[in-house]
Structures are given as structure tokens and as C-alpha cells.
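Input sequences plus hints: build the corresponding full structure.
Residue numbers in the sequence shown follow my numbering, run continuously in steps of one, and reach 480 at the last position.
These are computed hints drawn from the structure, not numbers from a lab. There could be a bad hint or two in this list.
Said to hold, decoys possible - In silico lysine-lysine, BS3-like type, Cα no more than 27 Å apart, as pairs:
no. : residue 1 : residue 2
1   : 410       : 324
2   : 464       : 392
3   : 412       : 367
4   : 324       : 314
5   : 392       : 324
Said to hold, decoys possible - Here are the simulated distance ranges between beta carbons:
no. : residue 1 : residue 2 : range
6   : 462       : 344       : 23 to 29 Å
7   : 392       : 277       : 22 to 28 Å
8   : 280       : 410       : 32 to 38 Å
9   : 457       : 359       : 29 to 35 Å
10  : 349       : 477       : 28 to 34 Å
11  : 262       : 370       : 29 to 35 Å
12  : 265       : 384       : 19 to 25 Å
13  : 476       : 258       : 27 to 33 Å
14  : 308       : 359       : 40 to 46 Å
15  : 351       : 470       : 27 to 33 Å
16  : 257       : 461       : 15 to 21 Å
The model shown is predicted, which means the values in this text are computed figures rather than measured ones. Heads up, the beta-carbon is just placed ideally off N, CA and C, and yes, glycines get one too.
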Amino acid sequence: MLLLDQITKQYRQPNGETLDILDVPHYEVGAGEQVALIGPSGCGKTTLLHIVAGITQPTSGKVVLDGIEVTKYSEAARDRIRADKLGYVFQTFNLLPGFSALENVVLGMTFARGKRDPARARHLLQRVGLEHRATHRPGKMSVGEQQRVAVARALANKPKLLLADEPTANVDPNNQHQMVELIRETCREEEIALIMVTHNMEVADQFERVDKLVDVNRVVAEALAEHA
Numbered sequence: 253m254l255l256l257d258q259i260t261k262q263y264r265q266p267n268g269e270t271l272d273i274l275d276v277p278h279y280e281v282g283a284g285e286q287v288a289l290i291g292p293s294g295c296g297k298t299t300l301l302h303i304v305a306g307i308t309q310p311t312s313g314k315v316v317l318d319g320i321e322v323t324k325y326s327e328a329a330r331d332r333i334r335a336d337k338l339g340y341v342f343q344t345f346n347l348l349p350g351f352s353a354l355e356n357v358v359l360g361m362t363f364a365r366g367k368r369d370p371a372r373a374r375h376l377l378q379r380v381g382l383e384h385r386a387t388h389r390p391g392k393m394s395v396g397e398q399q400r401v402a403v404a405r406a407l408a409n410k411p412k413l414l415l416a417d418e419p420t421a422n423v424d425p426n427n428q429h430q431m432v433e434l435i436r437e438t439c440r441e442e443e444i445a446l447i448m449v450t451h452n453m454e455v456a457d458q459f460e461r462v463d464k465l466v467d468v469n470r471v472v473a474e475a476l477a478e479h480a
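So, in C-alpha cells, the structure goes:
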């Protein structure tokens, strides 16, 4: 489903020096597989997700998603691939404040090739326990409810791969386990591969496969070795 091959990401700093963020020789996730990717803040987790999603281009290397080499396409083409193949649960939700929960989920279908399907949007809201909040705007909802709307929206286009960036960061600890299980169960039902990025070991412990970014990203491994 997902293959990363020789991925690097560097940024040019104001002083002209190069800052290395990612060096990922090889990484794979199979169809329908669920992975927790763990690591401390500042170790490149979000940058890696953005590269997988085609939001950011790597400095070098290739990303292959469902047989498509995403990295060789233009930004506009990557946007279309992302709409067709990916769901993304952002840490900051990115819900549109002027739209209801139902409208936010329907908008998740806008750029995919399939037509808007309000019935599916309502089903997804029911799936996350928010059918009774369908007409409410984000500002009238709790943080946990907004997070669940964000999950429903990310699933709206029937993606092949769901990326979740610290999805429990803004959820009450008492509801954390429930949120992760909700995402995992829905992905299992719809045969969606899942990569959940987290620094929380309680979240990671809910997964059979747990990958440490220090084992995936050589930049992190080298930095830790220097400070050992």
C-alpha cells in the first residue's frame, strides 16, 4: 500500500547551513495494516506524514502509494491523488467553523472523484457517535466532539490509507482509548491502512505493530548517538 524509498528532507537555514530533518532508507505499510509510529516531539513525525500525503515534497527519494509514485507528480496532481487515496486526521482538526458537522464531513468528499454522499456522511457521524450533533457547528461542540468530526471527515472519501497525527492530543485521557479504538475499528471495517503518529506509549500499546521513528529516520538515530 505504501512504500518510502530513500526519502530525505532538508531545509536551508537563514545562515545558509542545511538542516537535515528526514533520512528514511526504506519503509513499508501493507494494505489494511495498522501501525503506531512513535517518537518525541521534533523528530520529524509530522514532516514524514506530510511527505506521505504529498503536501510536502521530499528533497530526494520516492513515495509510492497504492501503486502510484506520488513524488513524480505536480502539486495539483498530488492534491488529486491525496483526495482519492488518503484520509488525514490533523492534530488541529482543520474543521471549517462556518459549516455544520455534517457539512464538514460532506466537504471531505469534495475533491475525490466520487460524488458527495450525504447518506455516507450521516453514517460516519453515527459511527463516531455524533448523529445527534450533525447540524451543530464546531464552535458549539466540545474538543472531543470536534476530533470525532475530523475522524469522520477523514474517512469520507473511502481512503486506502488513513494518516492520524497525534489524534488523542486534544482528547481527555479518559476518552483516549475509546478514540483510538474507534479509529482502528472503522479502518478494519473499511479495509483502510492506518498510520497513527504519537508520542504516547499508552496509545501505541493498543497496536500490534509499533515502529519507533529512531529506527525509521536515520537523522534521529544519529542525533541520539551524538548525545549518548
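A quick look at each hint next to the structure:
| no. | hint | result |
| --- | --- | --- |
| 1 | 410 - 324 | holds, 24 Å |
| 2 | 464 - 392 | violated, 37 Å |
| 3 | 412 - 367 | holds, 17 Å |
| 4 | 324 - 314 | holds, 8 Å |
| 5 | 392 - 324 | violated, 42 Å |
| 6 | 462 - 344: 23 to 29 Å | holds, 24 Å |
| 7 | 392 - 277: 22 to 28 Å | violated, 47 Å |
| 8 | 280 - 410: 32 to 38 Å | violated, 22 Å |
| 9 | 457 - 359: 29 to 35 Å | holds, 34 Å |
| 10 | 349 - 477: 28 to 34 Å | violated, 45 Å |
| 11 | 262 - 370: 29 to 35 Å | violated, 44 Å |
| 12 | 265 - 384: 19 to 25 Å | violated, 50 Å |
| 13 | 476 - 258: 27 to 33 Å | violated, 21 Å |
| 14 | 308 - 359: 40 to 46 Å | violated, 23 Å |
| 15 | 351 - 470: 27 to 33 Å | violated, 42 Å |
| 16 | 257 - 461: 15 to 21 Å | holds, 20 Å |
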